[in-house]
Structure formats: C-alpha cells, structure tokens
Amino acid sequence: MPAAARRLCAHSVTPRFAPGVRLHHDIARERWVVMAPERMFVPDETALEVLRLVDGARDMDAIIDLLAVKFAAPREVIATDVRAMLDELVVKGALRP
Amino acid sequence: MNAPLALLAELTHRCPLRCPYCSNPMELTRASAELTTTEWARVFAEAARLGCLQVHLSGGEPTARRDIVEITAAAHAAGLYTNLITAGVLLDAPLMASLVAAGLDHVQLSVQDADPAGAERIGGMKGAHARKEAAARIVRQAGLPLTLNAVVHRQNLQNLPLLIETALAWGAARLEVAHVQYYGWALENRDALLPTRAQLDEATRLVEAARIAHRGRLVIDYVVPDYHATRPKPCMGGWGNRFLSVSPAGNVLPCHAAESITGMEFANIRDTSLRDAWENSEAFNRFRGTGWMPAPCQGCENAERDWGGCRCQAFALTGDAGATDPACALSPHHNLLAAALVEAGTSEFRYREFG
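Residue numbers (the numbering used here), protein chains in the order written: chain D, 1 to 97; chain H, 98 to 452.
FYI, nobody ran anything at the bench for these hints, they're computed from the structure.
Glycine included, every Cβ here is placed at the ideal spot set by N, Cα and C.
Facing chain D, a subset of chain H residues (Cβ under 8 Å, in silico):
| hint | residue |
| --- | --- |
| 1 | G148 |
| 2 | L150 |
| 3 | Q151 |
| 4 | H153 |
| 5 | N180 |
| 6 | D202 |
| 7 | H203 |
| 8 | L241 |
| 9 | A270 |
| 10 | R271 |
| 11 | R312 |
| 12 | G313 |
In silico EDC-like cross-links for lysine to aspartate or glutamate, where the CA-CA straight-line distance does not exceed 16 Å:
| hint | chain 1 | residue 1 | chain 2 | residue 2 |
| --- | --- | --- | --- | --- |
| 13 | D | K92 | H | D318 |
| 14 | H | K330 | H | D403 |
| 15 | D | K92 | H | E305 |
| 16 | H | K330 | H | E398 |
| 17 | D | K70 | D | D81 |
| 18 | H | K223 | H | D212 |
| 19 | D | K92 | H | E273 |
| 20 | H | K330 | H | D318 |
| 21 | D | K92 | D | D44 |
Across the chosen pairs, the derived CB separations fall in these ranges:
| hint | chain 1 | residue 1 | chain 2 | residue 2 | range |
| --- | --- | --- | --- | --- | --- |
| 22 | D | D44 | H | G360 | 40 to 48 Å |
| 23 | H | A306 | D | P74 | 37 to 45 Å |
| 24 | H | Q238 | D | I27 | 30 to 38 Å |
| 25 | D | V91 | H | W389 | 33 to 41 Å |
| 26 | D | D44 | H | T301 | 26 to 34 Å |
| 27 | D | E76 | H | L433 | 55 to 63 Å |
| 28 | D | A57 | H | R146 | 33 to 41 Å |
Looking at chain H on its own, in the form it has when it is part of the complex (with noise of 0.2 Å):
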C-alpha cells in the first residue's frame, strides 16, 4: 500500500459563490458541523506523519472560516506545502499578510469567466469578478506565486483566448484550464455546460499553442472532459493511491466527490486515525489496486494506468460505483455519454445552495 501524497482539505462547504459546477457534494453541510481549528491541526499532523506533503485547503471558500489564519499555521507547522484555493472574494491585504506570516506557500484564484458579466452570471455573484481581479494583485504583491483556475464549459469556452490574457495579465506563473467534471451540481447543470466536439478541439488547439508562446513565463494546466474521451481518465491517480481528502465534518474520502456514492460509508476523524481510515477503512480498501476490478478492465492493459476510471462517474452514470468507467469505449454503458452530448444545450443554471 502507498502513502498518499496530498490532502485535500474541504474547510467549509460556505461559499459567498454557488458556481452551478461546484465539486462540493449536493447535500452541503452546515457551519454548525464543521470540525474544529484543534481538529484540522491533528489531522493535518496525521497527514504528515502518514507522509502526505501537500496539503489544499480549499472548500467552500476556505477564508470564510474565521480561524482560517490559524488552520494555515497549523498545516505549515506540520510541515506540509500548504496551497490556498480560493475564490478570492473575501480576500484583502490584512488577511494576506497574517497567511503569509503563517506559511502559506501559494494560492489558486478561481475565475469563472473572462469577461466579468459572463463571470458573476457563471458564479452567481454581483462585483466578484473585480474583487478577484484585486485579490491576484493583494496575492502577487505579498510576494506569494498564483496561480488562476479557469473551470471551462460550453458557456465561457469562447473567451478562452481571453482567460489565458487573464492569466498574464494578473501576474499567474501557472494555469489550469479545467473542464468541468460531471458529479453532484455540475451532473445536475450537465446540459448547460457540455461543450460540443467542435468546442473541446478548439480548446484543446488553443491551450497548446499558448503552452509555446508562453513557454517559460505560464505554464498551463489541462483537464480534458471525458465525455468525448474513448479511455477514461486516471482518477486520483487510483483509488486509495496517492490521494485523500476531509470532508468539513471529518469524512476520510478517497476523493471529494466520494460521498455521492450513496450507500458507501466513512471513517470520520472524530472516531478515528487518518492512518487507520487510509489502511484499514472500508470505503478506501473497496476499489484499492485491481482485484475488484469488472470485466473488461480485469487484465485489460490499462488498469494500472487508468485504474478503471471514476467510481463516482461510474456510480452517478450506471448506479453501480464498481462498474467501468462508462468513459472507456469498452465500457457496455458507454453510449450514456453520446447519448448526453445529443441532449445538451440549454443555458439554463440551477445554482448551488444550501438545501
């Protein structure tokens, strides 16, 4: 077994943004239940001790919690590479500089579009987008490295070119543009946000050509949509592999998304280790290497390289998380995906929020 790498810190499910994409799960939980400042800090000593060296404290917006200054130390002096990622609406210089005094090492800035009316109707917030655009320079003048995530989808993919102008201009060494993954709110906003063949191509031309022109000023991140894919991806790089994650009432998840999966239960760390959730958890042993494996990813030349998929795609998309990655072309439901792109095309959002 492997010691994952990287922990995925989800804060809080609050968010003053409700992105129609967001990767929190449908049924958010409520500040009332969120773990403790004291908490955070002995998971983020387990995750070191385990052998963890990053860790992203994300959410929700991370800054919306008033001890977020405190989490950051704490995550700094366990010694892990702390990353920020945040949709920088709450952020001002003050606030940056105690980060910076408490370890931060970098933050990820989310933008949602380029142009800032497509922007606030994507995030469904009024004045975000200027407010990002002020905390890229409160991040930059504090001396800290940027980088901008750019979640792309069938209504901002026009103004890509823009996105990665965007970028330059706010001063990101790094870029992700990132096409929306299809689980809880962006599975329920899937017809508003696939991109078409023609959409995804011309992306795809324009993110490689920029890669050249800006060669060694940004480098750019790319996360392909999987539904025009015939292989699916790698997720997490396997399953219980390389990867874990603390939902904001102390789930131990083999990736954020895994508590869509009904019926799956999980280690919390109020009754339990990180280490023993990580070895010895139900729900991180289940899809952990290739014996579970289904025909025809079972001795299929790709199931150390693509480990099956997504369970949760498979999950959200068969009803079965043990299934092929419908993704794969040898998946028996991979029609679903063709079926989904026919269908797509209204414009439409229904916005995140607290049920």
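In isolation and in its complexed conformation, chain D is listed as follows (with noise of 0.2 Å):
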C-alpha cells in the first residue's frame, strides 16, 4: 500500500481534537468552522456530524453507531465513510487518532 493511502485511524481509536483545533460558531456567517493554528475550514455536513461527535471519549465504533443509528443507513456504509473522513482530518492536522 503507498504511503499516501496508509489508513491512520484503526477501529479501536479514539479521536480527538489536535491540541488548538476546535469547532467554533462563526455567529456573522452563521455556519460551524473548524479552527485551527492560523488556518480555519468549513466541514461540509457529514464531516460536520462526525466532528460533533468528537470529544475525546468516544471511539471510533461509538462514533459509527451513534451515526448509523441517527441516519438509519446500515452500519457498513457508514463505517467506510466516517474512517475516510476521520483519517482525511487526521492528515489535515484537525484530529488526532
């Protein structure tokens, strides 16, 4: 596997905020953003969802539970989607797994 597919978030991990990197209400546009150290990036909704979800505790399997209850989706569908997605954030900088 190329060093640029290398999956960075395994099942069990717990996702968290990278330290500086937070989801802020940017109440003039009114719309989340996430912050981070001298850059800031609008999530589009499903990464919106996932990142509210993010709090430290949870793990990765919580996280897709919670999500493939909440959109009635099958579970398998939902879990390929959120490792992309939280791996994508990990390489952006905003999540540590």
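Using the hints, put the two standalone chains together into the complex.
Written out as structure tokens, the structure reads:
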C-alpha cells in the first residue's frame, strides 16, 4: 500500500481534536467552522456530524454506531465514510487518532 | 462585500532580530507612536463584530510589548482565536504561563536556518537559535500547538532537509516553508535572497516528499516565490476581501505591506472604526473586486482566482499599484523578473534597522 493511502485511524482509536483545534460557531456567517492554528475550514454536513461526536471519549466504533442510528443507514456504509473522513481530518492536522 | 476572516495585529516594530527580509516597512514606527493596550482592545472587539475569527499577534516582536499578556487577554475576550507570531528569543516559562492563562491558542515560532551559525548570521542576533529551541520546548510544555515558520531563500535552502527535521525534533505539528516575498527590506536584499530555479525545484521536491513521509504527523504549508512563476499569487485572497491588518501606529491596511505603496492614504483606528475603514476607506475600495483591473486582467478567466496578483509587487516593480502583477506572464513587465534572477548572487545583507 502506498504511504499516501496508509490508514491512520484503526477501529479502536478514540479520535480527539489536535491541540489548538476546535469547532467554532461563526455567528457572523451562521455556520460552523473548524478553527485551527492560523487556519480554518468549513466542514461539509457529513464532516460536521462526525466532528460533533468527537469528544475524546467515544471511540470510532461508538461514533459509527450513533451515526448509523441517526441516519438509519447500514453500519458498513457509515463505517466506510467515517473512517475515510477521520483519516482526512488527521492528515489535515485537525484530529489526532 | 465580504467580511474579513482574519486580522493581523502588528503590535510593534521593535525586534531583537534584524532579518534582511523582514516584512515590516522600511520606515519603522517607534515605540512612542504605538497604539495603547486600550486601543488594541477596541480594535479586537471591533474586528470580532466585523466577522474576524482569528487574530495574528505579530510585529516586530510582539513579546517586546510589556502589555502582551493584557493584549492577548483582550483578543481572547473578544472571541478571537489567538496566534502569537514570535521570534521566541524573549519567551520564558513564566511569560508562557501568563499567555496561556490569558487564552492564547497557538504559537508560530520563526527559525532563520537549521544551522545555528547560519541562523544567527541571517537573523543578525547572537545566541538566537538556542533561545528559539528553548522557546519551542516552553511552548510544548505549556501544551500549546506549535508551528515552525522557516523563511527560505538562496542562502539557507541547502538546509531545507534539516529544517524539516528541526520541526519534528522541536515538536511542531505544522511547518511553514515560506519562500521570501520581495517587498521592503526583502526587495532591498533581493540579490542576496532570490533562489535559483534549481534551488526552487529541489525545495518543492523535498516538501512534497516530506508531506508524504510525515503524513498525519506534520502538516507542511508551502509558500512559493513568484519570480519563477508564470501566474501571480492570489495575494491576500483579494484586496479587501478576507483580511485586514492594523499597523503599530493604528493604520488600517489591506495587507501588511500596503504602506510601501507611496501616495496611498490609510484610515487610522484613532480617527475611525474598523468597520468604517473596511467598508468605506479609499484604500480598501481602490483595488477591491475586479472593476479596477487593467488589461490583461480585465476579463481574464483567472481574474477572480488570482485577483491580478499583488498590488505591492506591481507598485514596487512598475511604479503603478494598479498594474498587472509582473509575476504574470501576460504582464508587459514580466521580463523584469527574469532580469532580477540574472542579477542575483551576492551574499551581503543590508540588515533591518530603525532609520
């Protein structure tokens, strides 16, 4: 597997925000943004759903379970999406696995 | 009109370092003319109300201000995400603890080279490199995220692999590899700083390889020099579009280098509100959007992508701030960049100093 596709988040990890990163309610623009050192980005709806469940206590399986219930979707489908999204957020430096 | 996302607060021009590419203007502001703590607090409150989400507390060296803790607390109280942009040489553990208590979110620490002797020659301060390494440790021990900012150029690019190692060794989660941009002091020292094409290509290759090698561990931001480019950079994401800067004396600027455009007048926070400066001042409206653009920018498919490039560079190289940035191959002045590259190659610096 090429290094760029290496999976960073295993099943059992408990993702948490990297130091200095948090969700912030941008009142002026009525949206949520991920605030990070000298950067910010606007998460899409799916990323926002995942990030709202990142509290440093829930592990990846717990997050997947909650979203599978919330969206009444098959767990495998949710799991694939969540893992890809968490990986992407780790690469961006927003989350720590 | 968009609301600004970020404010650059240049708290002071005082600094123990004398970097020959300093982004401060050639004419430096003295301490007696600096805004007070109360005035900065007002700027932060107004910036947050205007829509700013982050503030960069910069300088000069921001910790040269005795009220840096009060200033940080005021920015935090306004609801802004606070970044301290520092050379680190004045930072000790008690100050760091006070800054954390004041609500500081992140520290960006500059490094002039990976080799201490080179770093101290470039920064013009003896003993600076060891103090920076100590500062990095203090930041990490305080639990704050650390970005290392490495300004790179002809005289330190050979050490880029070591700079990347330094970022990892010092515990940075983020590294900015920023090629010098040529205004003010850097333009004055251009012959000593401009990299060759081979140096640039090697740097780009190294950054791309390091991004893969340290994926998930170190985020690398890369700012390229536009003297080798064929399209200009989208400077500031567009003039008066998402960013504003306040100078030590309170001038409200569309970018930190805007005062290099002679003849342009700026609103001052002592006479007006930040909102009024952003929305109504002549300086902000002059190059906002695309209406001001000359040919070949007017109607160009890249007009809202690169915004015609950089106004300060256009002024510095052509004498006309309203010209197409010569970094664009479509500019009638594009040949000026190639000519500058041919002339580059000295090693002597003119260090930054108060005039």
